[in-house]
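Enquirer: Each chain, written out:
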Amino acid sequence: MSKRSKKNHAKTRDQVFKYFAILCTGFGLLALGILLVDIISKGIGRINWSFFSSLPSRHFNESGIYTALIGTASLLFFTIIIALPIGIGSGIYLQEYGARNRFARFVEINIANLAGVPSVIYGILGLQFFVRMAGLGSSILAGALTLALLIMPIVIVATREALKAVPNSLRDASLGMGATKWQTTRRVVLPAAWGGILTGIILSISRAIGETAPLIVVGALVYVPFVPEGPLDQYTTLPIQIFNWTSRPQQGFMNNAAAGIIVLLAFTFLLNGIAIYLRNRWYNKIKL
Amino acid sequence: MRIQNKSLHRKEKAIEWLLSGSSLVSVLTTLGIIIVLAVDSFQFFTEVSIIDFFTDKEWTPLFENKHFGILPLLSGTLLITFIACAVAIPLGITIAVYLSEYASKKFTAIVKPVLEVLASIPTVIYGFFALQYVTPLLQKLIPGLAGFNALSPGIVMGIMIMPYITSLSEDALRSVPNSLREASYGMGANRFQTAFKVMVPAASSGIIVSVILAISRALGETMIVAIAAGQEPKLTFNPLESVETITTYIIQVSMGDVPQDSLEYRTIFAAGLVLFLFTFILNNISYWVIRKYRQQYE
Numbered sequence: 001m002s003k004r005s006k007k008n009h010a011k012t013r014d015q016v017f018k019y020f021a022i023l024c025t026g027f028g029l030l031a032l033g034i035l036l037v038d039i040i041s042k043g044i045g046r047i048n049w050s051f052f053s054s055l056p057s058r059h060f061n062e063s064g065i066y067t068a069l070i071g072t073a074s075l076l077f078f079t080i081i082i083a084l085p086i087g088i089g090s091g092i093y094l095q096e097y098g099a100r101n102r103f104a105r106f107v108e109i110n111i112a113n114l115a116g117v118p119s120v121i122y123g124i125l126g127l128q129f130f131v132r133m134a135g136l137g138s139s140i141l142a143g144a145l146t147l148a149l150l151i152m153p154i155v156i157v158a159t160r161e162a163l164k165a166v167p168n169s170l171r172d173a174s175l176g177m178g179a180t181k182w183q184t185t186r187r188v189v190l191p192a193a194w195g196g197i198l199t200g201i202i203l204s205i206s207r208a209i210g211e212t213a214p215l216i217v218v219g220a221l222v223y224v225p226f227v228p229e230g231p232l233d234q235y236t237t238l239p240i241q242i243f244n245w246t247s248r249p250q251q252g253f254m255n256n257a258a259a260g261i262i263v264l265l266a267f268t269f270l271l272n273g274i275a276i277y278l279r280n281r282w283y284n285k286i287k288l
Numbered sequence: 001m002r003i004q005n006k007s008l009h010r011k012e013k014a015i016e017w018l019l020s021g022s023s024l025v026s027v028l029t030t031l032g033i034i035i036v037l038a039v040d041s042f043q044f045f046t047e048v049s050i051i052d053f054f055t056d057k058e059w060t061p062l063f064e065n066k067h068f069g070i071l072p073l074l075s076g077t078l079l080i081t082f083i084a085c086a087v088a089i090p091l092g093i094t095i096a097v098y099l100s101e102y103a104s105k106k107f108t109a110i111v112k113p114v115l116e117v118l119a120s121i122p123t124v125i126y127g128f129f130a131l132q133y134v135t136p137l138l139q140k141l142i143p144g145l146a147g148f149n150a151l152s153p154g155i156v157m158g159i160m161i162m163p164y165i166t167s168l169s170e171d172a173l174r175s176v177p178n179s180l181r182e183a184s185y186g187m188g189a190n191r192f193q194t195a196f197k198v199m200v201p202a203a204s205s206g207i208i209v210s211v212i213l214a215i216s217r218a219l220g221e222t223m224i225v226a227i228a229a230g231q232e233p234k235l236t237f238n239p240l241e242s243v244e245t246i247t248t249y250i251i252q253v254s255m256g257d258v259p260q261d262s263l264e265y266r267t268i269f270a271a272g273l274v275l276f277l278f279t280f281i282l283n284n285i286s287y288w289v290i291r292k293y294r295q296q297y298e
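Chain order of the listed sequences is A and B.
Residues in the first sequence are numbered from 1 upward in steps of one, following this note's numbering.
Residues in the second sequence are numbered from 1 upward in steps of one, following this note's numbering.
Note that these hints are calculated values from the structure, not bench results.
Just so it is clear, the structure is predicted and the values come from calculations on it, not from any experiment.
Mixed in with the good hints, there may be bad ones.
Claimed, not checked - Going by beta-carbon spacing under 10 Å, a handful of chain A positions derived as facing chain B:
{"hint": "1", "residue": "ILE39"}
{"hint": "2", "residue": "VAL107"}
{"hint": "3", "residue": "ARG186"}
{"hint": "4", "residue": "VAL188"}
{"hint": "5", "residue": "LEU203"}
{"hint": "6", "residue": "SER206"}
{"hint": "7", "residue": "ALA213"}
As the list claims (entries may be wrong) - Result set (DSS-like, lysine-lysine): computed pairs, CA atoms no more than 30 Å apart in a straight line:
{"hint": "8", "chain 1": "B", "residue 1": "LYS112", "chain 2": "A", "residue 2": "LYS164"}
{"hint": "9", "chain 1": "A", "residue 1": "LYS11", "chain 2": "B", "residue 2": "LYS105"}
{"hint": "10", "chain 1": "B", "residue 1": "LYS197", "chain 2": "B", "residue 2": "LYS105"}
{"hint": "11", "chain 1": "B", "residue 1": "LYS13", "chain 2": "A", "residue 2": "LYS181"}
All C-beta atoms in this analysis are idealised placements derived from N, C-alpha and C, irrespective of residue type, glycine included.
The shape of chain A in the complex, shown without the other chains (with noise of 0.2 Å):
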């Protein structure tokens, strides 16, 4: 082989992959494309007043989201005010106080493979200790404890990454000054973090707002044509409904899914927007 016609077949590789890729790619958005429209032409249709404010029902056309709305948000309310202090404050004393002692590492390992584990599982770890051993049964407090679990690591990461973000000339300030550890850390390193650390909660927040699995473990309810009023009632879940509605045979069911899908995506994405948002303003400012 000639010494150009092997520059030329390294030139032909180069394209090849080139455009591959911009297939992949294309591909990649595609697939996301299909799945938003297919899923809005699905459920717009069903999308009015009366889809928010009715009960589930047997028929089709008359079942709507609003139990499924209480429980998600009551839901949600419990497991921020269970995981919140606990995840900041494990965060905190990691990369605060025990950056460099055995039982931090011992912690950072354990949080790393907690991460790791199937949602499932915490739902199998609920049933046991919340559902049964707590006598929670299948209420709303057990499954805002198993999800509280399950968004923890996300925010001691979180908390971790943006105190790790502030700069030590701050900490060496404030110690210099006189002030203790805890209220250089409580009015000089928390306030400069806040922003990373909130949107570390926003993200878990939907990470949480989109859980089926271990929910249906710990017992919450497929059907409930009923609105809970207590933390230790029985409840269901947005994505729970649309699983209930996909598991029917009806394609009036499916579309009623279609629908409750919209307002779980929107619901998705507007944290997560938030979150970017918040992200990229605390960043440039504490870049400054």
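Given the structure of chain A, go ahead and fit chain B onto it with the hints provided.
Expert: The following block gives chain B in isolation, referenced to the frame of chain A:
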């Protein structure tokens, strides 16, 4: 002054204890998972022989004639994971190499976050998409394909985990020192040679970690399979048949009315333990690779 200092010191210590206590929660979670799975699995294995569990070719705990062979659930789990990886790994790495070595910075800055949207979509939505769009499409291409099959949820799961691979691999490629790239171009190599002979090998540990994480995600994924694969435990590697995975079996039992503390109820703990061990081993491998990789670059 001194008294004030003392109480301040006490407050500082108390806060440190409180914070370390909250860190303990994640340790207790891991411990809790292991204990819950181990205790009920142990009771399960007092009634079912562990040899039958790994060799019996049938899984029918909910039927009259009970068999407790995990193989059908394992084959279903591995089959779906394999299909997902066959879609996600080539696509994910190709796109990552393209975005980091070929595409303009502006193009990457737009396309990467858009692809990451795919990873943020709740999985129950992918289940609907597999059942309502991908399966009918495949049925047109493959006549006689059953309404519930392993192929459709496998492909859709591949689309879901692809952005993990793209995103993390692109990060890994980007963190390779630019001097390596320049040296390669300086020696007369073209883009393709630079990308695959220099950059990909240099970023290999990061790429491997992204693939392991994606596999671990696929193994534990539940809702796509629960909706679109048919929940039929079968020992098969035929992607056109309906299958059941470990995760969907757990969902199936949770939705039924299996009496608590029965042998049937304990099957979900034994199955869950097998799943947990798989992902636990994969996660530790990736953690180990990450640590080694960090040391290389520091």
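Enquirer: Evaluate each hint against the coordinates.
Expert: Verification of the hints:
1. Taking 10 Å as the C-beta cut-off, the interface hint given for A:ILE39 holds, the closest approach to chain B being about 7 Å.
2. About 5 Å separates the beta-carbon of A:VAL107 from the nearest beta-carbon of chain B, less than 10 Å, and the hint is met.
3. Annotation: interface hint on A:ARG186 holds; nearest CB of chain B at approximately 9 Å, less than 10 Å.
4. About 15 Å separates the beta-carbon of A:VAL188 from the nearest beta-carbon of chain B, more than 10 Å, and the hint is not met.
5. With a least beta-carbon distance of about 8 Å to chain B, the hint placing A:LEU203 at the interface is held under the 10 Å criterion.
6. A cut of 10 Å between beta carbons decides the hint on A:SER206: the least distance to chain B is about 7 Å, and the hint holds.
7. A least Cβ separation of about 4 Å between A:ALA213 and chain B falls short of the 10 Å threshold, and the interface hint therefore holds.
8. For the hint pairing B:LYS112 with A:LYS164, the CA-to-CA distance comes to about 25 Å; that is within 30 Å, so the pair holds.
9. With a C-alpha separation of about 22 Å, the suggested pair A:LYS11 and B:LYS105 falls inside the 30 Å cut-off, and the hint holds.
10. Using a Cα cut-off of 30 Å, the hinted pair B:LYS197 and B:LYS105 holds, with the two alpha carbons roughly 22 Å apart.
11. Proximity of B:LYS13 to A:LYS181 is assessed by CA-CA distance (about 10 Å); at most 30 Å being required, the pair is judged to hold.
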